[in-house]
Amino acid sequence: MTEETKVRFNKTITITNLLGTVIPPISLIAALILVWQYTCTKNNIPIWLLAKPTDISKALSKSFSLILPNLWVTYTNILIGFVISVIIGLVLAILIASFKTLGSALTPLIVAMCCIPMVTLVPMLMLIFGLGNNVKIITIVIQAFPLVNMNAVVAFMNTDPTRLELMQSLKANKFQQFRFCILPDSLSGIFTGIKLASIMSMIAGVSAEMTGGNTGLGNRISYFIQFSKTAEAMSCVIYIAILGILLYGGISLLENKMIKNFQRQ
Amino acid sequence: MENPIISIKNVNKTFDTRKHKIQALQDINMEFGKGELVSIVGPSGCGKSTIIRLIDDIIKPTDGTITVDGLTYDNNKPISKEMIRKLGFIFQISNLYPWLTVRENVLLPLKIHGLSGSEYEANMEHLLKYVDMEKYADVYPAELSGGMSQKAGVIRGMIHKPQMLMMDEPFGALDENTRETLNIELLKIWKETGMTIIFITHNVEEAVLISQRVYVMSSHPGRVTAELKIEFDKPRDLDLITDLKFAEYCTKIENLIGRIELAQIK
Amino acid sequence: MKTKAKVFDFLAPTAVILILLIVWQMSCIIFNISFHLLPKPTEIFLALNNNFISVIYPDMLVSLTVMLLGYLIAVPLGFVIAAISSQFKLAVRMITPVLIILMVTPMATLVPEFKLFWGVSQSVKILVVILQCTPVIAVNSITGFTHVSPDKQNLMKALGCGKWETFFRVTIPNAMPQIFTGLKLGCILCTIAAMSADLSVGQGGLGYRIAVSSSMSATDTAYAAILVAAVIGVLLYSLVSKIESKVVTWK
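Chains as they are written, first to last, in my numbering: chain A, 39 to 303; chain B, 337 to 602; chain C, 195 to 445.
So that you can see chain A by itself, here it is in the shape it has in the complex (with noise of 0.2 Å):
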C-alpha cells in the first residue's frame, strides 16, 4: 500500500467510525422523542401539565433571549466553580500524597464534605451573604472538590512501583518523582475524578440555583412550572443538559488527546 492510499483509507476509516458512533444513539433518541409525541398526541394531554417535544422546539426558539441570561449564570457559575474544585481537589492531593500524616488527618473530613448535603444550606447562607452568584459557586467547589481529590489521591498511592524504582535509582526528590512518574502515571485516576466531579458541579450548581436566589436555568424552571409554563421549564433542562454533555465531552477529549501518546500501555 502506498502512503496515499494508506492516508486515505484511513480517513474512510474515521468517516465510517463517525456514522458509526453517532447515528445510534441519534435514531435512540429519535424514537424516544418520536413515542413521548405520539404518547402525549394520543392522550390528549394538556401543555399545562406536559409539554409535547413540538411545543418544547417552539418554546427553545421563542424564549431563547429572555432565558439568555439566565443561561450565562448558570453556565459561568458551574464552570467557574468546576475549575476551582479541580485546582483545589489536584493541589491538596498532591499535598496529602507527599505528606502522610496530612492524608490521615483529612482524608475522613474531605469524604464527608462532599456527603453534607449543602444544597439544604444554600436559602439560609444566601440571607447572611446575598443573593449573589458567590453562594452558588461556594457550594459547587465544596461539594466537587472531594471527587477529585479522592481519586487524585487514589491514583498517587497506586503508582506503579517499578516505575518508582527507577526514580528512587536516580535518587529524585519528592519534586521530580512527582512531575517525571507519579502525575503522568496517575493521568487515567485523575481524569476519572474530573469527570466525576464534573457531574457534581451540575447537580450542586443547578440545585442551589432552585433553593435559593432568583437567577439562573434552575430558578427559572421553579418559575415557569408555577405558571404552568411546562414548554419553557422543558427548554430550560434542554439547556441544562446541552452544558453538561459539553462540559463532559470536553473533559473526555482533553482526556483523549493527553493519553493517546501511550494508549497501549
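Take the hints with a grain of salt, since some may be wrong.
Mimicking SDA-like on lysine to any residue, the simulated pairs with C-alpha atoms at most 25 Å apart in a straight line are [what the hints assert, rightly or not]:
id, chain 1, residue 1, chain 2, residue 2
1, B, Lys357, C, Ser343
2, A, Lys96, C, Glu307
3, B, Lys396, B, Met494
4, A, Lys209, B, Thr350
5, C, Lys309, A, Leu109
6, C, Lys440, B, Lys345
7, A, Lys295, B, Leu480
8, C, Lys200, A, Leu130
9, B, Lys422, B, Leu446
10, B, Lys396, A, Asn196
11, C, Lys198, A, Val192
12, C, Lys234, A, Leu163
13, C, Lys440, C, Ser343
14, B, Lys370, B, Asp569
15, B, Lys355, C, Thr443
16, A, Lys96, A, Tyr261
17, B, Lys370, B, Leu480
18, A, Lys209, B, Lys345
19, C, Lys309, A, Tyr261
20, A, Lys295, C, Thr340
21, C, Lys283, A, Ser290
22, B, Lys527, B, Leu564
23, C, Lys200, A, Met195
24, B, Lys417, B, Ala458
25, B, Lys565, B, Met531
Partial selection, computed: residues in chain A whose CB lies under 10 Å from chain C [what the hints assert, rightly or not]:
id, residue
26, Val60
27, Val73
28, Leu98
29, Thr139
30, Ala143
31, Leu185
32, Asn189
33, Met240
34, Met248
35, Ala279
36, Gly282
The following residues of chain C were derived to be distant from chain A, with all beta-carbon distances above 12 Å [unchecked claim]:
id, residue
37, His230
38, Gln347
39, Phe361
Bear in mind the hints are in silico, worked out from the structure with no lab data behind them. Since we're looking at a predicted model, the values are computed, not measured. C-beta atoms are modelled at their ideal positions from N, C-alpha and C, and glycine is treated no differently.
Position chains B and C against the provided structure of chain A, taking the given hints into account.
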C-alpha cells in the same frame, strides 16, 4: 583484592513482611575491582537483585558495610547526589516510561541529576547510533519490540556516564539471538568506556561469555558459595561458545549451582 | 507497628474535628456571631438532643427510606442495563451516549415537572433518586464490562467457555473497580438527590426539616438535621467502600 572500587563486607538483609521475616542475604562478602566486568549467578531467590539494589542505595542493609569509591555508606542516610551520579542502574524489564519518547526516556536521568551540556547530548547521539536506534529516537515505547526496549533501557542507564553500572538480568526476557548480539555490544561498550560492571543473570553461558569473574550464589538464605576467575586466551566473541574451555567453565558453574540445590533438597 | 498506624489513623481526624469544634465554639463567643447566622456547636447538640424524638428521627426515617429504596433499586437496574447492553456492540453504541446525557443532567431539574404531573409524594422523591443514580452506575459498569483485555477473552474461548460463562467468570471480576466507582458516586448522589428532593417536594425528610427550621430561625435544629444527614451520607459511603475493599482484594 587491592583497592577494590566496590566492597561489600558482612552484609545481611532481612525483609519484614506482614506474616514473617525473610532473610534475603546472609553474611555477604564481595569485592569488585575498577574496570572489571563481574557476573553474579544463582537460582532465583538467591538475592542477586537485592545486592545491586544495596550498592545503588535503593535499599539499606540490615547490617554490614558497603563501600563504593572510597565512601562507606551510612546505613541511616541516603547517599549524596555526587555519589549517585557515579552509579548507573539497568532494570530487568526496560522500565521505559510509556508517556515519553525513546529520546526523552534516555535523557531522563540527566534531568534528574541536573546535568546538561553538549557532551551529554553528544553521548546520547553516540549511544543511539551504537545500538542502531537513531531511527527510533522519537518513537513511543508502545511501538518498540522487546529487544529495542531493552536497548533503550540500557543506554538510558549509561547516559550520564557513570563509573559503575549495575545490570539486573537486562537480557533475560529476550530470545537467544538478540541476547547474544546484545552481549557482544555490551562488551564493546565496556571496552570503550572502562566502566565497572556488575551483571546479574541466571544464564550461565551469558555469564561465562562476558565476565572476567563470576560469583556463584545459593538461596534460602542468599549466600556466596563460590568465586571463579574466567580467563580465555582468545578474544571474547560468539565463536568462543564452541571452545572447550567455555564448556568446562559452564559445566563447573552449573555443577556448583546444581550441587547447592541438591544439598537443599536433602 | 501496624496497630500504631491504625490508632494514629483514627486519632488524627478525630483530633482535627475536635480542634475545629473548639475553634468554632470560641469564635462564636469571641466574635459574638449571631444565633441566626451560625449557632455554637453546644447549641446544635442541644437541639439535636431535644428535638430528636419529636422531629429529627421521623424525618431521618423518611430520608433513609427514600435514599435506600432509590439506591437499592438503582444498583441492580443500572447493573442489568450495563450487563445486557455490553453484550451487543450496537447496544453499547446506542445506549452509552444516552445514559451519559442522563448522567450529566441533574434530575433535580425534573422535580417541579414531576410535582405538577404526579403531585406531592415520597414516590416522586424515590423516582428522582433512581433516575439520578441509575445512569451513573450503568455508565461506569458498561465501561468496566467493555474493557476486558483480548488476552483474557481469548483464554476463555480457548477453554471453551460460552458467552455468559465468560461474562461471570472474567468480565464481572475484571470490571469490579470500575463498577465500584459507579456505586460510590451513586451513593453520594443518592444522598444529595434525596435531600434536594425533600426541599422541593416537602412531605417530611431531613432536607425539608432543614428548610423549615432555617425559615423559622431555628438554625440550631437546621444544623442538627444537616449533621444527621452528613453522618448518614458518610456512613453509607464508608459501607460501600468497605464492601469494595473486601471484593476488590487485589488492589
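Structure-based check of each hint:
| no. | hint | verdict |
| --- | --- | --- |
| 1 | Lys357(B) - Ser343(C) | 36 Å, violated |
| 2 | Lys96(A) - Glu307(C) | 18 Å, holds |
| 3 | Lys396(B) - Met494(B) | 23 Å, holds |
| 4 | Lys209(A) - Thr350(B) | 22 Å, holds |
| 5 | Lys309(C) - Leu109(A) | 23 Å, holds |
| 6 | Lys440(C) - Lys345(B) | 45 Å, violated |
| 7 | Lys295(A) - Leu480(B) | 21 Å, holds |
| 8 | Lys200(C) - Leu130(A) | 22 Å, holds |
| 9 | Lys422(B) - Leu446(B) | 12 Å, holds |
| 10 | Lys396(B) - Asn196(A) | 23 Å, holds |
| 11 | Lys198(C) - Val192(A) | 22 Å, holds |
| 12 | Lys234(C) - Leu163(A) | 16 Å, holds |
| 13 | Lys440(C) - Ser343(C) | 24 Å, holds |
| 14 | Lys370(B) - Asp569(B) | 21 Å, holds |
| 15 | Lys355(B) - Thr443(C) | 17 Å, holds |
| 16 | Lys96(A) - Tyr261(A) | 19 Å, holds |
| 17 | Lys370(B) - Leu480(B) | 34 Å, violated |
| 18 | Lys209(A) - Lys345(B) | 24 Å, holds |
| 19 | Lys309(C) - Tyr261(A) | 13 Å, holds |
| 20 | Lys295(A) - Thr340(C) | 21 Å, holds |
| 21 | Lys283(C) - Ser290(A) | 20 Å, holds |
| 22 | Lys527(B) - Leu564(B) | 21 Å, holds |
| 23 | Lys200(C) - Met195(A) | 18 Å, holds |
| 24 | Lys417(B) - Ala458(B) | 23 Å, holds |
| 25 | Lys565(B) - Met531(B) | 19 Å, holds |
| 26 | Val60 | 9 Å, holds |
| 27 | Val73 | 13 Å, violated |
| 28 | Leu98 | 15 Å, violated |
| 29 | Thr139 | 7 Å, holds |
| 30 | Ala143 | 4 Å, holds |
| 31 | Leu185 | 7 Å, holds |
| 32 | Asn189 | 8 Å, holds |
| 33 | Met240 | 5 Å, holds |
| 34 | Met248 | 6 Å, holds |
| 35 | Ala279 | 4 Å, holds |
| 36 | Gly282 | 3 Å, holds |
| 37 | His230 | 8 Å, violated |
| 38 | Gln347 | 17 Å, holds |
| 39 | Phe361 | 22 Å, holds |
Checked against the numbered hints given earlier, this structure breaks hints 1, 6, 17, 27, 28, 37; the rest are met.
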